[in-house]
Each structure stands twice: as structure tokens, then as C-alpha cells.
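Undergrad: Listed below, chain by chain, are the residues.
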Amino acid sequence: MANVAHTATSAPVVRRRSSFEKLMSNTSLWRGMLAIAVFLLLWEIGSRFDEWFGKEWTLPFIGLIPAPTAVFAAWLEILPKAGYWMSWLQSFKRVLSGFLVAMLIGIPFGLALAVNKYFRDLFFPPFEILRPIPPLAWVPASLIFWPTNEMSIAFVTFLGAFFTIVINVLGGARTIDVRYLRAAQSMGASQWDLFSKIILPGTLPSIFTGAAVGMGITWEVVLAAEMISGGGTQGGGGLGFFIWNSYMGGSLEQVVVGMISIGIAGYLSSSAIRWLGDRFMPWKRLF
Amino acid sequence: MTTASQTTETVNAGRRTTAPTGLALYWYRFQQSLSTPKPYLTVLGIGLWLFTYWLLCEGLRVDRFDKIPGPVAVAKDWFSPTPFQGVSIFTENYYNHIYVSCRRILIAFALATGIGVPLGLFMGWSQRVREYAFPILETLRPIPILAWVPLAILMFPGFEAPVIFLATLASLFVTTLNTMLGVQSIDESYFRAAGCLGSSNWDIFKNVVVPGALPFVFTGLQISIGVAWFSLVAAEMVSGDHGLGYLIVDSYMNNVTVPMVIGMITLGFVGWITSVLVRIVGNWLMQWHVKALALQGR
Amino acid sequence: MNQMTTNQKLHAAATSPQGTGTGRPLGGALSIRNVSKIYDPEGVNVCAVNDCSMEIVAGEVCMIVGPSGCGKTTLLNAIAGFHSITHGEILLDNQLLCGPGKPKASQGADRMVVFQNGALFPWRTLAENVAYGPIVQKKMTKAEAHEKAYHMLAEAGLGDFGDKYPGEVSSGMSRRAEIVRALINEPKVLLLDEPYRAMDALTKSIMHESLLETYDRTKVTIFFITHDLEEAIFLGDKVHIVTTRPCSLKKTVDVTIPRPRTYESLSSEAFRTLMEEVNEAVHEEAVKAFQAGERELA
Amino acid sequence: MQKATTEMKTASTGPAPAASEIDPHSIGKGHLELRNISKSYGEEWDLQQVIESMSLDIEPGKLTVIVGPSGCGKSTLVNLIAGFEKPDSGEILLDGKPVTGPAKDRMVVFQETALIPWQTTYENVVFGPKLRGDLKGKALEEEAKRLLVKVGLGEFMHKYPLQLSGGMQRRAELARAIINGPRIMIMDEPFRGLDAMSRGLMQEFFLRLFEENRRTNLFVTSEIDEAIFLADRLVVLSNRPASVRKVIDIKLPRPRHYTMLSSAQAYEYKRDAMAILHEEAMKSFRPSTANANFAKSYTTSGGH
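Protein chains in written order, with this note's numbering: chain P, 5 to 291; chain G, 177 to 474; chain A, 1169 to 1466; chain V, 245 to 548.
Simulated from the structure, these hints should not be mistaken for laboratory data. Any given hint could be a false lead.
Stated by the list, open to error - DSS-like cross-link-like pairs, simulated, lysine-lysine; straight-line CA separation at most 27 Å:
hint : chain 1 : residue 1 : chain 2 : residue 2
1    : G       : K382      : A       : K1406
2    : G       : K382      : A       : K1310
3    : V       : K306      : V       : K330
4    : P       : K288      : V       : K306
5    : V       : K330      : V       : K273
6    : G       : K382      : A       : K1306
7    : V       : K330      : G       : K214
8    : A       : K1316     : G       : K382
9    : A       : K1270     : A       : K1332
10   : G       : K467      : A       : K1310
11   : A       : K1456     : V       : K403
12   : A       : K1332     : G       : K467
13   : P       : K288      : V       : K374
14   : V       : K403      : A       : K1406
15   : P       : K121      : V       : K330
16   : A       : K1316     : A       : K1306
17   : A       : K1456     : G       : K382
18   : A       : K1316     : A       : K1272
19   : A       : K1316     : G       : K467
20   : G       : K214      : P       : K121
21   : P       : K288      : V       : K490
22   : G       : K382      : A       : K1419
23   : A       : K1406     : A       : K1419
24   : A       : K1456     : A       : K1406
Please take these sequences and the hints and turn them into a complete structure.
TA: Written as C-alpha cells, this is what we have:
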């Protein structure tokens, strides 16, 4: 794009740049890093302003937040502690259990909706009625219904991912190019062949899209559920509880540590899904 | 494939020669659909679901289900002038909760759109702006909105501001990213054509960038309003005062279950209405898009 | 060379009763001299155009035929000012567009491009699209521009479709409207980049007639890129056959079939002889491009 | 190509003669008769008659090309013959037996490409025989590989369709159809979307394949040059509703060469066909004469 730099008189020399050179000249990378550095710097200055210039200089909003260096220090302090890592484990366990159940029920349900017209006419309307209710609105009801906190968190997590996955599977299966089905029919495919060889693999991309979105929602829900239900009563814990606890305990540095941790956790899980998607769909990662 | 089977069904018998318009068309489609199993199955499906719900909670009073209010109990209270558990369509506080939530959503959504759309437009249009702003956005985005609750409470005074802040933040990310994608999806040749025709940069922004990104912007806004509700409910539950999320969690705390269910249903309904409104506004603004899609049979 | 240009100008002025707009500055002689273009993405140098020279006199229909992906479009982009060139120079009416010291031509309304997949703004009606150029260039008021747009659309047989959005009309009609959008700016050169690529033969033949009719009316210089030999001979005064990547001139043929041409000219003896004369050269390049393509993928 | 022919013969006497390409039942058969078929779509107040009482005989062992204006109902015709849809009235017979649904005796090569994107080229080719189980194991593998080599895709066997160029995809699709041993091949504008030059090369390639064994072939196109270059018989359709306007026997010698297209004889055919087609196209095109009609047939189906 931006190679106007070529003067019209330069000879057409063929030269390949090394990968190191490419990295060094990758302006977008440098700009991104610069932007983040500036962001951190401003944050640092903003939150430490009152330390340097006295209490009357406390800036609004940002002045109340701990500085990045303080957060980093708090993180280093907490890093070797087992409790912190237990929170990670707890949250991951909850996310995974709810998510997996949602996949296990959601994918067949979505496929059934897509394949069978009668099934769809019968079950899709109630599904659509329930879908707009935000998953978190289910939290109190599920706390009442399920005998343990753990189960109610799992249930709400499941709901969060379930609706997204079903909608994606249904949409994906119904937009498969009719010519693939026709070609297979011409070659003598049975109904089962059509399902297993065309519809199922054809829906895979949507399944993974749904899973990625569902995973994001799952983290939100788990966190909220942990915070609302107070997490700890039955040996709960989790990153949401970690944040809430730190807040109650007045350690704002730890709150931010918790936020960053959960950001990393969410990022890791969606990367894992993308990686799995690449594995399962080699035809998708061409070129 | 489905269109083929549908059309063969409608071909026969006493043919109409003129196309019905407006409501008549809907009525005609409804009549046509009566000859297919679809409406019956729909009614049956919803009926079956309600019946199961009733059976589990009220009919058989299965263990644990009996703790959840059944459909009859909910309906009785909801439509009673003297509700047993305090909330019905005749009580003022019911509408107050709805009003408060809607006001918060409106403010948050307006803020997110007002900031997110221009930001996204510039990020999509200018590579430089994108290269600076995008990494920051991407770093903050994976942090769940709920994780911001303590900071929000700390930074903003009162009940109202933190809740609105959280809902705004959630939809801001969605709106900005979708708008940016929208601009990036605009075909290069539109920019070139506009350049050929002698447009200034501002002309290009006004006449190519903005309208070209609109379809994506509205897809983004559809998602964004859903996300806003999601976060609003969460925020109201954790740190609220009034609002539907607060109603739900407050009823739970006070051990009154019927208002809780009423709150859930109302929330679903209001959320659905707002997203329909966004779609209507989108279609109204994008006549060109709607007409083209209609001709493609979508 | 200079003399020839003037001759052509006189000729054009004498034979064209200006159907649209009066006092259009005639001209549009393009000189492409030893142009080379080397792309340098990721440090891999790709030579798209290599030492390509051609002279296009004012008022001529110049057809460039070559396999797809051979670098023809790069040449067009250089003329239009979308891309820079590495070597050589391009002049319009003896004025330097780009050359040593000025690698990239500035975009201007004297060279209008009609794009491969069409670039009518889908969010504006056909009339608004046509009126866009004069309005942003502040040559006309909005009302004047719209009036003229409707007038010119009517001339092109699109009178009833001025209020339709591009998505609502066929690809053939939108392509014709795009040419009208270009012509309203009274360009010196019309640059067409495989505009009829995706159309079937019949629509194409109708488009050809429409373009020829427009040309006979305006005598604008046309620089037309295609890979369809028949189209080239049918429309062109001169057919330049270019080699597969890197693009350079292989053969030039003068088409002597008299104008106005109709689809009957397609089956004339003269046409057939020309086809026979050039077919070999084109086929050879096609095979080369094909083999190169297979090699690249293997 | 000569060599490929001899290879084919040995394959047929090989260990698994079953239903491979040289199925004696498939070559020389495939007599398709359309009797008075009609088809319409749309709301009852806006019924679009797409095909109206069309009768047509497609003779075995010949390459019949159907050419007609864009949006005239050619694709609908293909869908009917292939059995994806049913005609409102009339019947379609293949070797005397009525067509009831899709089957392997009528293989369709679709517009653009319908190779299954999540299967490699090789998997696409063996898809049909594997499903039916009529060619197995080593025999299937050899047959598939032989066909892929023949269409020049030996090296690309294990690539996914999206990794192939447009021309390669069409050739892979040809191989996928041929391996099922159809009695009649139905080509629905198979080279549409390719640029004019690769299109020409694909036509030559396709001709070589056809001229080798003369499998009954129905080729649908909207390009007259393509039609004349390929056809034994050229069927010119009317504008919507489609019916047969004229059948022209193309007597250009075989094997054909691209230079024949600029022969006087070819131009004769072209003039004939063009005259009809142009007239038909104009019927729907001129906005002044048939505005509404035009808007319908060209706006909705213009591009595709």
C-alpha cells in the first residue's frame, strides 16, 4: 500500500528482506506497543498525581484507581500463593462444565431444529420466548432451584452458552449451499449420508463460531454468578469471588489483578477454541 | 429448496389475480399457513412447554420444582389488582422498575453509540488511528464487564452512574468493533470512484465511509443492545437501586419468588422490544440495503 | 504525434453532435511510455508491468486484451492515479500525469474509471449517483445536477430507473448508469476495467451496443481492458494484445470495421478475418497464463 | 490423451469391472425425452411460468447444447431433469423410464463449483462410489487416481477445493461426475465465472474428454460461441417461459480445434443463433416495450 517511496528512477532490483527486517519495519506493531505504553503511562501518572502534588490534586475517576506499578507489585506478591491459583482452577472448572454441557445438548438440539421441520415448528417458539431473558436474570431462580451453589452456577453458565450455540448451529446448518446436498443426492446419498457427510461438517464452522461467542458469555456469567452468590459459602472461590473479596477487603490493587487475570483466562479459552477449530477444519485454514 | 415446496402448495385452486397489500397480505399469508402444520405445531409447542412447567411446579409439585412459582401463580399475581407478593401490572413500582431500567439502557446505549460509532468510523477509515487505538481496545475487551463492578462503584458516585457506566462499556466495545469492521468491509473501488469524481476527504467520509458502514453498524447495534441489557441486569443485581435486575435479586433476598419470575419475563419482553426498535430504525435508515435484500429473496 | 492528435480532435469535433453537455474540452490523448511497475509487498518483488508503451490518440477506443491477472489493471490504476509506477511516464494531452519525480498521478475528474464489479454507491439512487460528481466538484447546484442526471439517464434508456437503488436494478443497468455517472463529468478519458466481466453473452452484447451508441454520441477517448477478444474487436479502433505477467505489449491491431457497428458486424467477413489474425497470439498468452497458474499453485 | 484412452480400456477388463467409467450400460445409452413439461413459480397472483410445454429429445451419444437468454429458465430445466424438482405437468423419460428423483445415472456439474469444501479433491471424487459401495478399495483408489491424472490434477489430489484455481475446480468436478458412470452428464453453465481465456481452454479440455467416449451430454450455456464450439446439436430456447425455438445441427468436424470457431461455417451458425437470441433477449430488455417484464426477469436474476 504505502510504497510510494519508490522513485521512478530506481532500478527494478529484486531483493528479499529478512524476517528480522520485516519485524523491525512492522509499523503497526510498533504503533500498537507505543499506544499501550502511552496508555499505561497516562494511567500511572493519573493515579499517582495526588501522591506527587498533594491530596487536593486527586484527579476524577482515574485518580481513584491504583497505578499500574502498584498493581504489578500486588500481582508479584500474590503470584506464588496457592489461593490465587485455586481461584483460577475453580473458575475454569465452572466455565468448562457449563460450557461442555451446553455444547453436548446445544449442538444436537440445534441440528435437530435445522434438519426436521416439524421439530423446529414445535420447539423453536418456546426457545425463542426464553432466549431474550438475560442469563444472569436466571441466577436467583436457579439458586432457589438447585440444591448447591455450585450446581446453580453451572446451570446459569450452561444457559449463557446454550442459546448462542443453538442459534449458531441452526443458522449454520440452514445456510449450507443446497448444491452440496443435491450433488450428494445425485450420487446416491441416503438421508443419513446427507446428514453425516454434508450437514454435520458443513455446520462445523458455525459450531465453532457459536462456541467462541458462547465461551465469552460463559466467562461473564461465571464471574457474575460468583460475585452474586458470594461464591465462598460452599468452598466456592473462583476469580469472581477473588475480585469481590479483594474489593470488600479494600485491596484495589488485587481487584485489578483479578480483572487482568480473568481477562487472560478469557483470552486463553477463546484461543483454545480457535486452535481446536483449526484442527477440526483443515479446509478453513488455507493459504 | 424450501421455497420450491412452499410455492407448489400455493399454486392450486381459485387463483387471485391481484396482489394483496399491507395487512391483507399478512392475513393472506396467515390463511395460507393454516393449511400447513406450522401454526398448529407452534401453538402445541408453546402449550406443551407451559403445561410441563405447570405440571412440574404446580400439578405434581415435584420436589425442588415446587419452590419455583408455577405459571398459574405467576399469572394470578401479575394480573391481580391486589398482588399477593407485591408486584403486578396494577402496582406503580412495577412500572417504576421498568422505567428505571429503560432509562439506564437508553442513556448507556446513546453514550455507547455516540462514542463508539465515530471512534469505529475513524478506526476503520484511518489506518493510523486503527494502529494506535485497536491494541488498547483489544487488551481491555477480554475483561468481563462484571469485573469492572468494583472499579465502577469506586470511580462513580451514587447508584446510577456505575450501572450506566458498566452497560455503556459493554456495548461500546461491540459497537466500536463492528463499526470498524464495517468501514473495512467497504469495497476499495467505492473510495476510488469517489476520488475520481473529485471528492474531498470530508466528502468521502460523509458519502462513502458513513453509509457504507451502516449495515455493519446496525448489526453491531443489535448485538450491542443485547449486551447492554446483559450487563445492566448484572450491574443492577450487584449494585443497584431499582430496575428490573434489582427487582429480581431483591425478591430473591426477600424470599418472594413470584415477582422474581415476573421480573424475568418482563426483562425478556422489554429486551426484545428494544432490539426490534433498533432493527426498525436500521431498516428505515437503509432503504437501499433493505430493497436490495428483498430482491434477492431474503 | 502532435499533429495527429490535433487532427483527431478536429475530426471528433466535426463528427460529434454533442448529445450531452456543450463545450466539453475535447482531448484525451494518452501516451504511455516505457512504464514498469514493481510491487514490493513483504519484500517479494513482483513485476506487474514491464516496459510497456502505447500511444492512444484522442477520441479513440483503445482495447487492451490479456489474460486475467496479467497486470492490465495495474496499468489502468496508474493512469487513474490509484497506484504509483516504478519506471517510465504517462502523459495526458502532453501533460505529465506521472513519471520521473512524480510516481503517482493525482486523481481527477478528467479520467473517469468504470470498475470491474461496478462501484455505483449502493446507498444512493441511480440519479443521486450520477449527480454526485458535479455536486462535490461544486460545478452545479444540487437541483441542476439532478436535472441533468435524469436527462442523461433518460438518454441512456434508464429514464424510469433514476429513483431506484443500484441493488434494485440488474447488473447491466447499473453498469450503464455507471458510465453515465462518468460521462456527466465530461472526462477526457473513460477508463473501463473489464466492466462486463460477470455478464452472460447476451447481456454483454446489449451492453456493447449501448456503449457504442454512447461513444458515437460523445466521442470520448476510451481505454478499455478486457480478456475477451471478440469484445475487443467489436468495440475497438485499436486492439493491443499484452503478454501475461509481467504485462508488456505483444501485438497491436487496427480495427477497420466501419462505425456505427451493430451486432451484425460480429458476423461480418472483416470481423472474422481479424479474429483469425489475432486468435493465435491471444491463445498463446492464455496457455502461458494457464501454465503459470498451475505452477504457482503446485 | 490417446494414451488415456487405452488405459481406460484395460481398466474395464481389470479386476473390478463393475460400474466404473466404461460401464457398458452407460456409454451409448442415455436417451432423454422431455414430453410437454411445464413449470411455474411464485404467488398465485404473480405466477411466473418458467417453462411452458417444452418437448425435447436428447439423443444418446451426442453433445446437445441448450442456449438461451439469461434467466429464461435453463437452470430450472436442469433441476427438473436432474430430479431435484418435479414438473407441474408433462414427463421426463430416461431410456424409456420416468425420472422420479436424483440418481447417479444423471450427474450434474453445477454452475460455479459444488465440490464439497471440507473434502479434499480425492475425497470428493471417491465420494459417490464410496457411498454406494459399488467400487471399493484398491479398484476405487486406482480409478479415482487415473481420472484425476487424466484431468490434470494428479498433483492436486490432496488439496482442498478452495486451494485450486477456478479451472481446476471445474476439472475436479468433471472427474467427480464421470466416476459415477452416468448415462447422461448435465452441465449447468459449468464454465460460468471463469474469465474468457481460461474458459476457452476449459472448453477445449472438455471437448477432448467428450470426444474420447461420446457419453451423452447435455450442456447448458448462455454463450453462443461456447455452444457452437461444443455442440452436435444446438437447442435455442425462447425467453421466459422457456420453450424450444429452434434446433440446429452443428456439422463442424470432430475433433474440434479453437480455430474452427472463426471458420465461415461457424459464423453461419452463429448468425442464425444470434438472430433468434437477440430477438428473444430484446423482448425482455427494451425498457420502453416491456418495462415490467424486464424489471422482473433482469433485476431478480440478472447476475446469476
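Undergrad: For every hint, state whether the structure bears it out.
TA: Against the structure, the hints:
1. G:K382 - A:K1406: Violated, at about 40 Å.
2. G:K382 - A:K1310: holds (16 Å)
3. V:K306 - V:K330: Holds: V:K306 and V:K330 sit about 25 Å apart, inside 27 Å.
4. P:K288 - V:K306: violated (40 Å)
5. V:K330 - V:K273: holds (23 Å)
6. G:K382 - A:K1306: holds (16 Å)
7. V:K330 - G:K214: Satisfied, since the Cα-Cα distance of roughly 23 Å is no more than 27 Å.
8. A:K1316 - G:K382: Status holds; Cα separation ~23 Å.
9. A:K1270 - A:K1332: violated (41 Å)
10. G:K467 - A:K1310: Given pair G:K467, A:K1310 holds - Cα atoms ~25 Å apart, limit 27 Å.
11. A:K1456 - V:K403: holds (23 Å)
12. A:K1332 - G:K467: holds (9 Å)
13. P:K288 - V:K374: Distance of about 24 Å is within 27 Å: holds.
14. V:K403 - A:K1406: violated (42 Å)
15. P:K121 - V:K330: holds (21 Å)
16. A:K1316 - A:K1306: The hint holds at about 14 Å.
17. A:K1456 - G:K382: Distance ~45 Å between A:K1456 and G:K382 Cα, so the pair is violated.
18. A:K1316 - A:K1272: violated (33 Å)
19. A:K1316 - G:K467: It holds: about 25 Å lies between the C-alpha atoms, which stays within 27 Å.
20. G:K214 - P:K121: holds (9 Å)
21. P:K288 - V:K490: violated (46 Å)
22. G:K382 - A:K1419: violated (45 Å)
23. A:K1406 - A:K1419: holds (11 Å)
24. A:K1456 - A:K1406: Within the cut-off at roughly 23 Å; holds.
Violated hints for the displayed structure, listed by number in ascending order: 1, 4, 9, 14, 17, 18, 21, 22.
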